[in-house]
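Engineer: In mature numbering (1 follows the signal peptide of the UniProt record, and there is no 0), the protein residues as written are -23 to -1, 1 to 521.
Be careful, since some hints might not be right.
[What the hints assert, rightly or not] As a list, the in silico DSSO-like pairs of lysine-lysine whose alpha-carbon atoms are at most 30 Å apart:
no., residue 1, residue 2
1, Lys469, Lys517
2, Lys300, Lys370
3, Lys469, Lys514
4, Lys183, Lys252
5, Lys73, Lys90
6, Lys263, Lys63
7, Lys490, Lys508
8, Lys497, Lys441
9, Lys66, Lys90
10, Lys263, Lys332
11, Lys386, Lys370
12, Lys469, Lys490
13, Lys66, Lys153
14, Lys474, Lys490
15, Lys483, Lys469
16, Lys508, Lys441
17, Lys36, Lys73
18, Lys359, Lys332
19, Lys36, Lys66
20, Lys497, Lys517
21, Lys36, Lys25
22, Lys153, Lys63
23, Lys490, Lys441
24, Lys359, Lys386
25, Lys253, Lys208
26, Lys469, Lys492
27, Lys300, Lys359
28, Lys90, Lys25
29, Lys441, Lys474
30, Lys492, Lys359
31, Lys90, Lys121
32, Lys63, Lys208
33, Lys386, Lys332
34, Lys73, Lys121
Source of the hints: derived by calculation from the structure; they are not laboratory data.
If you're wondering where the values come from, they're calculated on a predicted model, not measured in any experiment.
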Amino acid sequence: MKKILFFLLISNFIFAQWSISNAERSALINIYNSTNGENWNRNWDLEKDPRNWFGVSVKNGAVIELNLSGNALSGTFPTYIGSFPKLTKLDLSNNKLTGEVAMGLSSLSLLTKIDISNNRLEGNPTITLSGLFNLEDLGLGGNKFTIPDVNGLLQNFNNIRILNAADLDLSNIPSKIATFNNLETLILDNNPIPNNSYGNLSGLPKLTTISLAGTGLSQIPTQVSQSTQIKSLNLSNNNITERNTSGLSTLTNLEWLSLENNQLSQIPTQIASLKKLKTLNLGRNKISGSTSLLANLTELQQLFLNNNLLAGNIPSEFLSMPKLLMLNLNSNQLSGDLDNQLPPITHICNNRFTKPQLYNYITDFNVQTELNYSPQRYDVEKEVLGIIGQSAKLDQSLANSDYSFTWFKNLDQKTNTTNADLNFASVEEEDYATYTVEAYTYSVLNNSTVFDLSLFREPISLVKVLGTAETVKYFNIYPNPTSDYLNIVSTKYNIQKVYIYDLSGKQMLSDSKSKIDVSKLPSGVYMLIIKTQEGNKNFKFIKQ
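Work out the full structure, taking the sequences as your base and the hints as a guide.
Structural biologist: Encoded structure:
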């Protein structure tokens, strides 16, 4: 009897060391070891109580939540995950887990949330998951699952509020989704769903967030336009143009909208009516011209117009939006003096602002705005003819005394040249490439602010044969170099006359034919001027 009592006392003492049972603690340690815990972003101190471990929630002596999202877990899906009978929420999303979902998960009947999205998982998880009747939040997207019958997987989930079914190779909206009366968030990214296959999105009264990024849409589905209650809509990475955005006009409750990476050449007019918008992402399109209609968006807090074709000064309407906190204009063609009313966080990298323009702003207004301004671009793209065995020079326009220079071959291979220009004493075959140069300047301002700027020249290419965008698009001039005849063909212009000059400006030939005999010209480089109904077009060619 005394031995039994002593054993019970010892067992209680051992259990009392930790906030959970030894069995659950051991299961957590097994998960840690099997998923490369030492290299997690936030690892565990195994000497401390599990309730102090990152992502572990404990209640009444049991693990009830495990949230290790984005924590750099790797290896196969942990088999010990089924060792926590009181677990209600599991989040292993945004990691590098592989293999199939462990069958032990099927025994966790209290689970209301499973998010295993954005890993590298495979197989068909239907049998493992379909019996978890209490699920409200299910995240499967961003894996390599093969699920032949998605309706079968979803058939027992009548309480779903959040569903991530991205990357499941869906060709239509599963019919079961139409019965999810409590559905609030639906993510269907990267499924090849045709424009006319969205019927099952109708009649979802609580749906407020829809993500259809990368589904191949060329227009906004009618069922989405009819969901007037939605507040967040992601249509990124599709093929939508401003001619097919009429469906936006009914979505006046939108607070978050992304049309990033579509085919927009101007801002859709319907956006002006979305007066509740707080975040608008129109980045990575081909937008140019006026942005004035955005002035109507007085609630806007974040605006993304990066990677477009905006030119000139920063549009004045961006300076008077009362609640705008962040403006991203990276990678456009903007230039000019900077206004003192820029939003608190402003991104203008990869535009065409000069050192004086940026320096003046940083000197006067750096305290009120966090300005991300480096690098910038300068000069224009250019081709320079290089002849084997002869000298050639790649130039740029900035003064040598104001900057330090580093030249790059093929745009990313650092060379040993630190001069303002890149000179070739004798061109070799391996020199033909596209180059750029970084012009770097650094100084400390009076208020101890660091002014640190890199400017990159637009690409300049050393070529065997000169060409232009016009040549590629509308003219075919061949062969170039040539030893006898030069042929000129245009798909757009009516060629009226052709003139040939040497580089000193002396006219050598003129002709109205499309095939010109240049056999009697001395070897060298010549200017070719083609007279058309829309003016002259200038090119160069080499006579061998």
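Engineer: Of all the hints given earlier, name the ones this structure violates by number, lowest first.
Structural biologist: 2, 6, 27, 32
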